[in-house]
Structure formats: C-alpha cells, structure tokens
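Visitor: Given only the sequences and the hints, what does the whole structure look like? Please build it.
Number of protein chains: 2
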Amino acid sequence: MTLATSAEVVLDHGTGAKLSQELIGEIVDLLGEAYLGEMEDSATLPLPGGRIAMTTDSFVVDPPFFGNGDIGKIAVCGTVNDLAVVGARPLYLTLGMIIEAGLPMERLRQVVTSVRDTALEAGVHVVCGDTKVVGRGEADKIFLNTAGVGVFEREPLRMRHVRPGDRVVLSGPIGNHTVHLLSIREGLGFETRVLSDCAPLNGMVDELLAAVPAGAVRSMRDVTRGGLAAVLHEYAAAVGRPVRFDQAALPVQFETRMATDMLGIDPIHTANEGCLALFVDPAAEADVLAALRAHRYGGHAVTIGEVGTDEGAGVFSRAEDGTAARVDELLGAELPRLC
Amino acid sequence: MTLATSAEVVLDHGTGAKLSQELIGEIVDLLGEAYLGEMEDSATLPLPGGRIAMTTDSFVVDPPFFGNGDIGKIAVCGTVNDLAVVGARPLYLTLGMIIEAGLPMERLRQVVTSVRDTALEAGVHVVCGDTKVVGRGEADKIFLNTAGVGVFEREPLRMRHVRPGDRVVLSGPIGNHTVHLLSIREGLGFETRVLSDCAPLNGMVDELLAAVPAGAVRSMRDVTRGGLAAVLHEYAAAVGRPVRFDQAALPVQFETRMATDMLGIDPIHTANEGCLALFVDPAAEADVLAALRAHRYGGHAVTIGEVGTDEGAGVFSRAEDGTAARVDELLGAELPRLC
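Listed in order, the protein sequences are those of chains G and U.
The first sequence maps to residues 1 to 339 in the working numbering.
The second sequence maps to residues 1 to 339 in the working numbering.
The set of hints was computed from the structure by calculation and includes no laboratory data.
Where is the CB? At the ideal position from N, CA and C, for every residue including glycine.
The reader is advised that the hints may include incorrect statements.
Rough simulated footprint, nothing fancy, chain G against chain U, three-plus residues with beta-carbon under 8 Å [said to hold, decoys possible]:
1. 8–15
2. 122–130
3. 150–164
4. 201–215
5. 293–307
Quick list of the computed label-pair ranges, beta carbon to beta carbon [said to hold, decoys possible]:
6. 213(G) to 28(U): 43 to 53 Å
7. 50(G) to 123(U): 18 to 28 Å
8. 155(U) to 255(G): 23 to 33 Å
Guide: Okay, structure coming up:
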C-alpha cells in the first residue's frame, strides 16, 4: 500500500513504520526540486553569517481546498510573507502536516503540489518536514505548520522605525480572501467572482526595497488574521500616535463589498493572504506606489491614510464628509479558520 | 476577558483581534526568559556563519497531559533531540499551537510552562510562535508544532559515516514512554511505575561528543515513532549491511516488559522520547558507554549489537541460545499518537 495505491490516508501512515516511510518518500518525490532536505533528523544547511529571521505559522483554513488555492499555498505564502515584511530574504521552510485519517490521498498530493509550486515561485526550499495522522474526528481534514528562516541582506524593517506623518499604503484590495472562503462555506455564490488574494509577496517586496532609498519604507505587515484594523491598531499602539485612514480610499472590489455588506462585516476586519500595509516616508510615497504597481501583486496599491503628528494612539476612519470615527479593536474577529 | 479571567480557550482567542493579542501577551509572559522573540512578524536573530541544522515536528500526543510530562515538554524535547543527534547545538525554537476551543486555560498554561522549563533546561530559546483555535470537535484538545534551528560547532554526524563492525549502543531503556501513555489511555494501572523517558538529550550528547575523539560516534538517532526497529532498519538500508542485536541485551524495565507482553507488542516497536541509538567505532565503545552513563539521562546505556561485516541489509534479533530471527519492518506501528 503506497501513496500511489492507497486511496486515503490511514493512521498507519503516521506511525513511523514502513507506511510512514513510503508516504514521506512520495511526498519528497512530489516536492521535487523544491525540497532541499537530506532525510536525516535535521537538515544541514549553508547560511551566510550575520542575522537571520525566523517565523512560524499554523494553518487550519476551512475549507482547506478552495477556488484558486489551498492550504498548501497559504502555508508557504504566510511564512514567506512574514519573513519578507521584516526585510529578510526567505530561504528555508519546514513543513509539518497533521492529517485526519480518511483524507483522500489525492487531496494530500494536491497540498504537497501546491507547497512545491508556491515554494518554487517564492524561491524558497522546503528543508524538512513531519507528518502526523490522527483518527477520524480528531482533526478537520488537514492542518499545516510552516516555519521559515530568512537572511538579512538589508537592515531589518521594524515597527519602531515608523514616524509621525508617515503614509499608510495598502498593496492591494482587502476582503477578497475572506469573502472567497466564507462564500464557499456558506454557499453564497460569490466564490467565482471574488478570488483569494493568496500570494507570495517576497518578490514584490524585494523589487520595492531595491527601488527606494533605504529607510523609505519604515515597516510593513502582511494583513492577515485580524485584518487591516488589527494591523493599524498594532502600529498605533507601538508608535503612540493615531493612525487615520480614508474610508473611500480603501481598495475593496465591488462584489466583495456586496458580500461583506450582506454578511454584516467590515472589510477592515477581514483576513487576507496577499496584501501588505506599508508605513512609508512621505517623500518616497510616489516611488513606493510606482514600485508596487509595477508588480503583478501590487497593481491596486494605494495610499489610504497616515500616522498622525498629534499624541495618543487609536485608529480613526474618515468619511467622505470629513467626519472621523474611532475604529474599535475587536475583542475577537468572529471569523475563525480563514488561515 | 484574559488568559487570567477566561476559564477556557474560545474561538476568538485565535482570530487575530484583541483577545488573540491578550492570549499571546500572556503566553510570552509565561515563557519568560525562555522567549527571545520581538513580537514582529519574524524574529531577528544573530547566528554565526557556516552551517545550520533545521528540523520540525508536529505533536499530537494522546493524552496531551500525562504522569510525568505533557505535550509541551515533548514538543521541546523532540525538536531539540533531532538537532542534537546530527551534531548541532540547538539554539532557536518556533512554537505553533492548534487548540480546540474549550481547552481549559489552566491546561494551556501548563503546556506553555512545560515549554518554558524544558527550553531552559535544554538551553534553547523560543523565538516566535503562533496560536490557532479551532472549534470543538475540529481537533483533539491541543496539537503543537516546533521547528528548530541549531548551529554546527563540529562536523555533522551522518548516517553514511556508519561502517561495518560499528557497535550499536542504546542510551537508555526502551518502551517506557509508550507503556506510560497506553496505560493511561487504557486504564492498565502501570502509569505510576512506568514513567515516560521524555527528556532533552542535547546536554548528554554534548558531553559525549566532547569526551570521545571526533568520528568515534558515527551517527545517532533518537528512538521515537516506529521504535528501535524502525531506526535499525533505516540504518541497515542506508549502510547496506545487516544490523544484529541481542534480545537479552535490550534495556527494558521489568514492569514495561509485563505491560508490553500483556498488550502483545514488542518493545522494539515502541515510541520513546528520551533514548538514543548510537553507532559507534568499536575502539571507542567503552568511552562512549562511560560518557553516557555519567549523565543522568544515560545511566542505563548499553551495547545491544553491531553492524555486520557481511553484505545485505536487514535487522536480526539474536536469542540467548544463539539463534537469529529476522525482524520485519512493520507496515504500520499500529500505535498512533504517542508523540
């Protein structure tokens, strides 16, 4: 019984014996040139001296397979993007999988293939992995974990570099990933017109940072769980200044707005998988926008607001009539398992 | 509602908003000096140049809380040991948690505290983490993932360094971890007399490698999933020589043998969390045993067999009457969720 002949994942694929070995062997084969491990207990890897970046994320996205992606793509993008936004060049990924017994083997193949394709696009290697299988009902289909290591070839970008007056730029529309997944979950019918934005953004970040003077991009975050609101609150608190944005400037696709209105949620609270919030020196704003827009993942980049020069944290939304409303930090986003 | 005031984990602890932030803040507080992150998207870390080791493991142990440990301790030991056995000095760990909504907050605290204590014992730092919460019935209490980075201050140990005639040494008894957990799961009553061997072994490995000439320890593995049988099969296949061991030499605690006999399982197929199988230059065998026995985790170290000088892979068990039996590689270990 092998990955090729077994139609679904069984508990013994996770117990460390022969079936486990076969499963792992076929996963490594599927990863192809995206894999750089050696099948020892740890991978041994060259690394330039200096400083590294490390990050990890677990992925429990529901559904794990959706219109224009799957949990494998998200797992690579999430970790690659976390490394890229601090200014590191992503190099190595680990891949941990927790699989519910009964998962069709074809689905596992799909996940690994997505990991491979996304890793190749991002220019990173999977260097080691781990596969656990739990019984039916003990997990929900498949959970992934990726940890990543990157190297710094530039000064790290840090939240504390943000200054009063800095512009806040979004690299793309918000809300699409959330609407796409909720639409599939709830049968809303938007999923063919609103696609997930899931993408590895390290290439775009690299081109951006090469195009503008060092320090012009103070800091950035990928806008994932908690949405834009959570990111802006995090920066406002860290900098001790208000962050203000124009409601009308928010890039939200028409159908996405329809869906979020219908669902009674605000796009600023939605999770995304391919959108950056950047804090930018005002003098470099035009160059940053131009560099982002030149990349296929940044075509809709836009300035949405700025960091206030007055004291006090807080996030404020400006309406078109000029009135400002405080954006509360949600206690919980009430939208679980979007990543 | 905070970790201190909420009695259990709720879905909103995982959605990236305020409750998530509070949960993460309290987890970081609990980790104390075992934490070395910066609450950015990636941790930024110094690293000597040269080569690094990287590894990852997911942990789905059932039950996650047992007599002398818990999933937090296992998650640190598993990854630290995987780095140590290739000859690397473990430095940094990532910590990913997937939590089933409804987990008592006190249990989460216990896990994080165990992570902290074990990381401090092992001399490693947690540098970043991630917390996801899924609904009731979508996971089984708590799953962890740790990825680790270590540096090489010595030549990496590799399976391919093993030579015909090398001695096979076990650093401690086998079967205890498996019997401890199965006893709790099945209510067998052995769990107070048979404790899990779960331990971070990097300290012992470091003392061992410092005590013997370079190359004397060719390669080693921690004997986890799949048990001793899987490890010996892996080496026999890699080296292309038979590996033989004496049944009577296997270190198995009396009560453990009683339990495995009762359960109809062979200790060589049981998972462990604090036992090494070492392949050793015969000239250094006595020094290796002495170095291991001098450490509190290696008091029962013993030679169990050797790598044959004849051709052909395979694992063979020798009985006291001198007869040898081929040890088959199990298709599946049929004992899921022991790590």
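Visitor: Taking the hints in turn, state whether each one holds.
Guide: Tested hints:
1. With 6 residues having a Cβ less than 8 Å from any Cβ of chain G, the segment 8–15 of chain U passes the three-residue criterion, so the hint holds.
2. Remark: the segment 122–130 of chain U is confirmed as covered by chain G, as 4 of its residues place a Cβ nearer than 8 Å to a Cβ of that chain, reaching the required three.
3. With 5 residues carrying a beta carbon less than 8 Å from a beta carbon of chain G, the segment 150–164 of chain U meets the three-residue requirement, and the given coverage holds.
4. Here's how the segment 201–215 of chain U fares: 0 of its residues keep a CB closer than 8 Å to some CB of chain G, so the rule of at least three is not met and the hint is violated.
5. Interface restraint, the segment 293–307 of chain U with chain G: violated (0 residues with C-beta to C-beta distance below 8 Å; minimum three).
6. For residue 213(G) paired with residue 28(U), a C-beta distance near 34 Å fails the hint of 43 to 53 Å.
7. As the Cβ distance of residue 50(G) to residue 123(U) is approximately 22 Å, the hint placing it in 18 to 28 Å holds.
8. Against the hinted window of 23 to 33 Å, the Cβ-Cβ separation of residue 155(U) and residue 255(G) comes to about 59 Å, which falls outside the hint.
In summary, the numbered hints that this structure violates are 4, 5, 6, 8.
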